[in-house]
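A.B. asks: Protein sequences appear in the order of chains Y and F. Quick note on my numbering: the first sequence kicks off at 1 and runs consecutively. Quick note on my numbering: the second sequence kicks off at 1001 and runs consecutively.
Nothing false has been slipped in among the hints.
Derived, one-sided and incomplete: chain F residues facing chain Y with beta-carbon distance under 7 angstroms:
#, residue
1, Asn-1031
2, Leu-1041
3, Leu-1043
4, Asp-1104
BS3-like, lysine-lysine: derived pairs with alpha carbons at most 30 angstroms apart:
#, chain 1, residue 1, chain 2, residue 2
5, Y, Lys-71, Y, Lys-49
6, Y, Lys-58, F, Lys-1003
7, F, Lys-1018, F, Lys-1057
8, Y, Lys-101, F, Lys-1071
9, F, Lys-1018, Y, Lys-101
10, Y, Lys-101, F, Lys-1070
11, F, Lys-1003, Y, Lys-101
12, Y, Lys-49, F, Lys-1057
13, F, Lys-1071, F, Lys-1057
14, F, Lys-1018, F, Lys-1003
15, F, Lys-1071, Y, Lys-49
16, Y, Lys-101, F, Lys-1057
17, F, Lys-1055, Y, Lys-101
18, F, Lys-1003, Y, Lys-49
19, F, Lys-1053, Y, Lys-101
A few chain Y residues facing chain F, derived, Cβ under 10 angstroms:
#, residue
20, Gln-45
21, Leu-46
22, Phe-51
23, Gly-99
24, Phe-100
25, Phe-104
I should point out that these hints are in silico values taken from the structure, not numbers from a laboratory. If you're wondering where the values come from, they're calculated on a predicted model, not measured in any experiment. Don't be surprised by glycine CBs; every beta carbon is placed ideally from N, CA and C.
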Amino acid sequence: AQSVSQHNHHVILSEAASLELGCNYSYGGTVNLFWYVQYPGQHLQLLLKYFSGDPLVKGIKGFEAEFIKSKFSFNLRKPSVQWSDTAEYFCAVKEITGGFKTIFGAGTRLFVKA
Amino acid sequence: DVKVTQSSRYLVKRTGEKVFLECVQDMDHENMFWYRQDPGLGLRLIYFSYDVKMKEKGDIPEGYSVSREKKERFSLILESASTNQTSMYLCASSPLAQPQHFGDGTRLSIL
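Isolated chain Y (complex conformation) (with noise of 0.2 angstroms):
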């Protein structure tokens, strides 16, 4: 079966500092990916996707993420973290020929001190 891994649960970073958070996927097919994230008290919300293309993606709040398809990887990283950038960060992957299912990971909980 498909699975999301994330490699940290929980991260805790000083502001400035640079994130890289893991995601790998086991799918082998074509894949669209995402990261989602949820700050306290408020919805999921889209970061970014990648579903063709330049494989360095662009998302919003300066993050961004780079799908490398030989090490089936899709590793979310921002330069300088800030303390509003605490939130739960979760990778999600959709097979193109899977249907409507997206698997999400368990998602990484990011701690940004002041």
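Following the hints, position chain F against chain Y.
C.D. replies: For chain F alone, kept in the frame of chain Y given last:
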């Protein structure tokens, strides 16, 4: 902006009760989804619907059913609530082959 509205933010029910969670979206999306979110487990798909009156089981459908009588509304039903169904429930909608838009969630406690 897309709006996905879940009827309650917080709900407390007793074991054995029949529980209804309602979700409405205002963007004429074909697809609607119900997930439960538990710490360390991420989002797990309960049911989804790709059209009116159409439904498909997700990964954890046991103990749940759904109803989609109108395109904008997707209801999740706990037939006989149990304590292990205490969780955060998220509704989402999307157009075909596009990212999902989520509601604020319903935190359901079963006593």
